[in-house]
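Asker: Note that the protein sequences, when read in sequence, are chains A and B. Note that the first sequence ends on residue 273 in this note's numbering; no numbers are left out. Note that the second sequence ends on residue 356 in this note's numbering; no numbers are left out.
Errors might be hidden in some of the hints.
Only part of the chain A face toward chain B is listed, based on derived beta-carbon distances under 10 Å [what the hints assert, rightly or not]:
#: 1; residue: Gly67
#: 2; residue: Gly71
#: 3; residue: Val75
#: 4; residue: Tyr82
#: 5; residue: Phe85
#: 6; residue: His94
#: 7; residue: Gly95
#: 8; residue: Arg96
#: 9; residue: Pro98
#: 10; residue: Leu108
#: 11; residue: Glu129
#: 12; residue: His132
No wet-lab data here; the hints were simulated from the structure. Using N, Cα and C, we set each Cβ at its ideal position, and we do this for glycine too.
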Amino acid sequence: MTVVFKRTEGLTEKPYHYCPGCTHGIIHRLVGEVLEELGVLGKSIGVAPVGCSVLAYDYFNCDMHEAAHGRAPAVATGVKRVLPDQVVFTYQGDGDLASIGTAEIVHAAHRGEKITTIFVNNAIYGMTGGQMAPTTLIGQKATTSPYGRDAAHAGMPLRISEMLATITGAVFVERVSVDTPANIRKTKKAIKKAFEVQIEGKGFGIVEVLSTCPTNWGLTPTEAIKWLQDNMIPYYPLGNFRTPEEVK
Amino acid sequence: MAKILMKGNEAIGAAAIKAGCRFFFGYPITPQNEIPEYMSREMAKAGGVFLQAESEVAAINMVYGAAGSGARVMTSSSSPGIALKQEGISYIAGAQLPCVIVNISRGGPGLGGIQPSQADYFQSTRGGGNGDYRLLVYAPSTLQEAVDLVMEAFEAADYYRNPVMVIGDGMIGQMMEPIEFKEPAKRELPSKDWATIGTNGTRKPNIINSLSLDAAELERMNIRLQEKYDIIEQNEVRYELYNMENAEVVIAAYGTTSRIVKNAIAALKEEGINVGLIRPITLWPFPMKAFDEIPATAKALLSVEMSMGQMIDDIKIASSGRWPVHFYGRCGGMIPTPNAVVEKVKEIIGGAK
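Bound-form chain A, shown alone:
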C-alpha cells in the first residue's frame, strides 16, 4: 500500500485543543511541514505565546519554550544568542504580538534577530473569551467592544506587517491567509522563506497569517472564512511587504 498522506514529523501526536473550524491547526501543520522539509526539526527551538496557542509546546515536535504574554521575541532572542546555529521561532497571536508584546516584536525586528515569527491574526482575543484586540476591525463586536469597535474611542486597527516593514532588520515581511487551498500553499511558501532567511543568517522574518475565530466571532466555520475574505483581507491586504534585494 502506498502512503499518499501522513502526519508531518514536525508535529507530535497530541490532539489539538482548538475549536472546530479554527485555522490554528492548518498553520501548525504548515510550520511543522516546513521544519521537516528544511531538515531542521532536530535543531529547532520554538517559543510559545500566551493565548489560544499557549499549548503550542505540546504540538510542535521540537524543543519548546513557553513565554510570558507578549515576551516570546525576547525569550527567542535569549535562546538564539546562546545557540546562534540553531533555528528559533516564535508562534504568536494578535493579542500577544500586536498588543502586550509590541515592544518585544519591534525591537527583535530592529536588532535584526535571526529568528522567525509566525503571527496569527484573527482580530480578537480568543483564549480569554473574545475581547477586542488592537487588530479588531471597526464595527466588529467583541466582549469589550459590545457595540462594535469605534475608531474615535479605540483607534484604527493596527497593521503590524506594514509597521514592521519599515524596520531595516526585518528582512522578510509577508501577510498571507489560510482561507483557500491556493492561499494555504502561498502561506507555506512564505513560512518557508521566513525560515530560510533565518537559516541563511540574513535577519528577522515574520509571516502574518490571517486566521478565523468562529467561536468568538459567533459564526460557523464556513461563515467565518467568508467573513475573513469580506472584512479582513480588504483592511489587511495580502502580499509581501518587505524582501530586500539581498535576501531574494
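Fit chain B to the known structure of chain A by using the hints.
Answerer: Just chain B now, kept in the frame of chain A:
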C-alpha cells in the same frame, strides 16, 4: 593573587565573567550602569554575549530564554527596574531555571531617587512576582563579599535550578575597595539535560514551561518547589555574629548598614556598653537560627535599616516574642550615622551609664 582596587559595579561584572557567566542582558538605570557598561566592554573578550535590551521586561525574558538553553546568564538593574523584572523572575522560578539577578538598589517608592537604600527587602524576599516562589538572596556588605557571593550565586543557581539575587545598596555599586577573585567552592552540579538546545533527533522534545492547567498537577509542582526551598533553607543560610558576648542589646543589620553599626558598636564599647550584631548574609533564607545564639544578657533587639522597617518583620518572627524589637532607620537615600545608632541604643537601655 594580589588584591586589586575596583569599583563595586565593575567588580561584580568581573566576578560574573570569572564565574563562567557568558550572557548578560540589561537595561540602563542608575546606580548600576557600570555593570552593563563593563559587560559591553569585557563579555565579548570572554567569548560571551552582552545585549542591551529594549526594557527591563525584555532583558529578564532574554535571561529566561538563555537560561532555558542552558547558559550561565545574568541581568542587573536597580529597584524600579527590578520591579519590572518581577514577571520574568516568577516565570524563571516556576520553570526552575538558574540565573543571577543583581539589584543595586535605590530609594523608592516609584521613581524614588538614586541614592543608597535598603527599601527592596520586601521586594527581594517576598517576591513581587506572582505565585509561591523563593529566590536565594545574598546581601554583601563589602566589595570582597560582593564578588565572592556573585561567583557563589552562579554555583547555587545551577545547583538548585533557581534564580539567585545579589542585592547591594548603591554604596556597594559605587564605592571602590581592594578585592581578590577567589574560586568559589565547586558544587556537584547536575547536568542540564532539560535545556532546550534542539533534540538533534535523538530524544523527545524538552519543554521549558510554568503553565499547568490541571490544578492537582499545579499543586504537586508547588509542593516540589517547596521541597526544594526547604532544602535551601537547611543548607544555604549565612550570617555573621559580631561582639555577641555579654551583649545587652543585639542589633540586626545587613549590607553596608552593618558596617555603620559596627562603628557604633565600637563607640558604645568605649563607653562600656556591650552591643552585639547579627548580620544576615542571606536575606532569604533568613538566618532564624542566629537568634538562638543571642546571650542571656540581651534585653532587646534593634533592627537598623536604610528603610522605614522591612527586615524588622523577619526579626520579629525570629525573636518569637523573646525580646522587644526596636527599630532605627533612615530612608530615601539618607544614611544612618554611627552616632545616631549609638543614641538609639542608649535610649533602649535607658540612657548612658
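Asker: Each hint needs a verdict: does it hold in this structure or not?
Answerer: Results of checking the hints against the structure:
no., hint, verdict
1, Gly67, "holds, 4 Å"
2, Gly71, "holds, 9 Å"
3, Val75, "holds, 8 Å"
4, Tyr82, "holds, 5 Å"
5, Phe85, "holds, 8 Å"
6, His94, "holds, 9 Å"
7, Gly95, "holds, 9 Å"
8, Arg96, "holds, 4 Å"
9, Pro98, "holds, 8 Å"
10, Leu108, "holds, 5 Å"
11, Glu129, "holds, 6 Å"
12, His132, "holds, 4 Å"
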